[in-house]
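Build out the structure end to end from the sequences listed, making use of the hints.
Protein chains in written order, with this note's numbering: chain A, 1 to 459; chain Z, 1 to 229.
Treat the hints with caution; some may be incorrect.
As the list claims (entries may be wrong) - DSS-like, lysine-lysine: derived pairs with alpha carbons at most 30 Å apart:
| no. | chain 1 | residue 1 | chain 2 | residue 2 |
| --- | --- | --- | --- | --- |
| 1 | Z | 216 | Z | 28 |
| 2 | A | 431 | A | 447 |
| 3 | A | 38 | Z | 54 |
| 4 | A | 408 | Z | 55 |
| 5 | Z | 85 | Z | 149 |
| 6 | A | 431 | A | 404 |
| 7 | A | 408 | A | 105 |
| 8 | A | 114 | A | 447 |
| 9 | Z | 216 | Z | 55 |
| 10 | Z | 74 | Z | 55 |
| 11 | A | 404 | Z | 55 |
| 12 | Z | 149 | Z | 213 |
| 13 | A | 38 | A | 105 |
| 14 | A | 408 | A | 114 |
| 15 | Z | 74 | Z | 28 |
| 16 | A | 38 | Z | 85 |
| 17 | Z | 54 | A | 408 |
| 18 | Z | 216 | Z | 87 |
| 19 | Z | 54 | A | 40 |
| 20 | A | 447 | A | 408 |
| 21 | Z | 55 | A | 40 |
What the hints contain is simulated information worked out from the structure, not anything from laboratory work.
Take a look at the letters that make up each chain.
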Amino acid sequence: MLLSYHDIMDRALSGPYLNEEEWDLQKIAMTTARLVEKYKLTWDPGVIVPDDPGLVDAVFEAGLELAKEVGVYSRSTERIVEFEPGELEEGMRLMPQTLVMGEGKDARTLYARKIMDDRLPLVWAGSPGTPFPEELFLPSVLSWAQEPIVDMVTCGTLMHVDGREIRTADPIEIIATRRELQYMRQALRRVGRPGMGMLAAQSSVSELGDLAVAHPDYLRPCDSHLVPMLNELKLDHRNIARAVNSIEYGMRNASLPCVIVGGLGGDAPGSAVVNVASFIVSSLAFLADYHLCHPIHVRHIATSTRSVMWVESVVEQAFARNAPCIIVSDIYPKSGALTRELLYETAANAIAITVSGGHLEGCGSADGNLPNATGLEARLMGEVGHAVARQGMTLQEANALILKLLEKYEHVFDLPEGNPGVRFDQAYDMKTLRPIPEWRQMYEEVKAELKEMGLEALG
Amino acid sequence: MANEQEHLERIKQTIIDGDNQASVDAVKEALAAGVDPLPILNEGLMVGADIVGKKFESGEYFLPQLMLAGRALKAAMSVVEPVLKEKYVGDEAVERDTGIVVIATVQTDIHDIGKNIVASMLTASGFEVHDLGVDVPIKDIIARARDVKANIIGCSALLTTSMPFMRDLINLLEAMGEREHFKVMVGGASVTPEFAERIGADGTAPNAIQAVKLAKRLIREQREAQGAG
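Shown next, in the form of structure tokens:
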């Protein structure tokens, strides 16, 4: 029988005590390093999308072994939540294979994708977690929601409400998150897609916002919200509160472990192992309905780095082969709006995700750190994902194409100031909410290049 | 029997290897063999720490190696520092550009990887680091800084909505009349030099290597100011 959140809370109160530093070093870093050696896991930076079933199966086995061996750490109680034999397997067996997001004519069904799946990935547009000034918030959501290729939307976080600064755990988070949802619902109505599914409640770091918008006027039961797992393999009462509230309300839980590639798991193989373990544990500890795959590069942040794309690809393939479930993968490029590199990064990331078994979410352009994201790169993300599925791209073809794209953008990781591009309102005409001609032309040129490079099905 | 250079080489290697026990043993053996504590510090431990920092920056080392090296250095420092102080008491030549740092992720923010990297790098560079963890109330940060007579308070926040607490900390220090006692460094993915200046911090750095350089500069400034005073 699947665990309930009562079981998780009980175990968080009664499990073995451990100092957090020991958890990080002994339980996570050392165990992962040992498993990487045991399963002989290596990666070649020249292979971003591996076509190696033995490797991805070994990563899965190592991740399962890590989850079984260490469990998950409660930062609130400084105790380890351990799992009984068979519980984790049962949790994986019960992971949803399909999930309807949204309602009415705008509803879409997320599904567990396969490797090289010829079914189209769903396109979840937005720049989740990116701070946006209030005056740009609604226009940015409109820019994503109005794109016909987009299936669901997400959003940034409000930086201010009525000129007031938003502080974590402050009552203003309630106002901010309700305001966010008011804008989101307004945007969906304005583009004629009121039933579109959402991933939202981004404007509140604490659980206050999640609790404040669990109401049909704001986040509906057909929408979802994030339950973050802390780095690495940690939870706390506040995030459990989000999950509990959502379960009681009937809304979808999305687990979000942002594994640091180059962090406690070490290099890419160890980070993939930690990511696999995090998804497995989230199925039980957060009663997750689906998983968000969002590894973060320890220095560059971006998901378009070689090692992070490798982790995304391997983790998706590992689950597709061993424990099918719904995985939505984030695209957080280094570059921002009105740069060619943003489009190359988006394309490379979308190819890796789609061919490996994920759905698409993004783009958190400019590292998701600045309001320099627009609907246009989300459109390209979706178009590239659809083209990959339609033309039946193989893993090897995907790898070759990504390597060509890396040549076009990898230099941005050496730029001291990054490649942030421009703000939303400098890349879009704020009256028509269309990309300015220069941005539109850049997009057309890059699309033509992508077709030339082998993405023939790109419309 | 090992000569001085071999002792120093071994000490350096224990830091590079992140071997806690071996670093303590190596320092003890070197001291027993009559090696001066100053080269043990500067040519053994610090050189090893510098190599670890470079390996991390180049992507050869990852966070676990950095944390282990920090631990090994801390353990070794606990052996060598008392000897160093006893031998060179009052000697300005050994006064280094390191000091005491109290570091924390500010209240309401629970992200610690960046803060841990900076804490490890500071430790590995010879600072005495008091890492208070995450979600630490600003009054607790200040209280600890007073208790340990810190030179620097380091505040970290990944979340933009937690960054205002950095400003609160500086405001509280000023209200308490204690601002001049501490240098305040702020850091985090969204912290910019403009933000640091706006809230009255003494500086910020884009990465851990730069954070160590900044901390050393602040210590020098503080000592110069104290000397001038």
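Which hints from the list above does the structure break, by number from lowest to highest?
6, 7, 13, 16
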